[in-house]
Structures are given as structure tokens and as C-alpha cells.
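Participant: Using the sequences and the hints given, assemble the complete structure.
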Amino acid sequence: MVNLLDGYNKLYVLEHARMMKRLSNTLNGLSKKYKIPEKETRKLWNECKRSIESKLNRKMNSHKPRYNSLVMSCSASVADFGDFYKYYVTSWNKALKKSEKKWNKIFIERAKNYRSGAK
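Residue numbers (the working numbering): 1 to 119.
The hints are simulated quantities; they were obtained by calculation from the structure and are not laboratory data. These numbers were taken from a predicted model, which means no experiment stands behind them. Beta carbons are placed, not taken as given, at the ideal position from N, Cα and C, and that holds for glycine. The reader is advised that the hints may include incorrect statements.
As the list claims (entries may be wrong) - With a cut-off of at most 25 Å between alpha-carbon atoms, the simulated DSS-like pairs for lysine-lysine come out as follows:
#  : residue 1 : residue 2
1  : K97       : K49
2  : K94       : K59
3  : K59       : K49
4  : K112      : K10
5  : K112      : K32
6  : K86       : K98
7  : K43       : K32
8  : K49       : K101
9  : K43       : K112
10 : K10       : K86
Said to hold, decoys possible - Label pairs and their calculated CB-CB ranges:
#  : residue 1 : residue 2 : range
11 : E47       : V13       : 19 to 27 Å
12 : N104      : S62       : 22 to 30 Å
13 : E53       : I108      : 18 to 26 Å
14 : S91       : N113      : 27 to 35 Å
15 : N46       : R18       : 16 to 24 Å
16 : E47       : Y87       : 23 to 31 Å
17 : S62       : G117      : 37 to 45 Å
18 : S69       : K112      : 46 to 54 Å
19 : S77       : L56       : 42 to 50 Å
Facilitator: Put into C-alpha cells, the structure is as follows:
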């Protein structure tokens, strides 16, 4: 059971890095398009990273009790673990997609607002 979750966690780390790279590319493209100063871009990027990490840490903490009970239990059934695993994988995938969508929207809004305010 633990090996299965470890394998997924490695995949999650890769997907998280890909998401952050896509977000970084989006922000860099918008900052060039709207001529946002590097300092402002860096500030927005740091806000994005802190927000995403905070949200994902809360999600990780919410899974720990169930994970620990299944892993430490000698009587946990494969079906119980299977149900948890499906929920775990689905919730992480949704969290990554939701974060990426949210921050793409924020980047676009802030870039447009910056352009409007800079005129």
C-alpha cells in the first residue's frame, strides 16, 4: 500500500513542477506583453507560490489521519485502501487543476489592471 502511494506522490511532484512551469511561462508572457516591471512580476509569482503551497499543505494535512490509519492498521482491507487511493489521487489532481486555473485567471486580471493603471 505504501509503495503505491509513494509512486503516486512521485508522479504528483512531477505534475506539480509542470504546473508551476506552465504558470511561470504564463506570467512571464503576460509581463512582457503588458510591460510589467520585473519587481512586480516577482512579487506576484511569490504570492502565487505561497498561496499554492499553503493550500496544498492544508490538503496534505487533511489526508494524513486517514492515510496513517490505513497504513498502520493490520486489519485495513484492500478495498478500504483502494477507496482511499482513488479519492486521494482524484483530490490531488483536482487541486492542481483548480490552482492552475485560479492563478492563470489572477495573472490575466492583474496584468490587465496593471496596464490600465499604468496609462
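Participant: Run the structure past the numbered hints and jot down the numbers of the failing ones, going up.
Facilitator: 4 and 19
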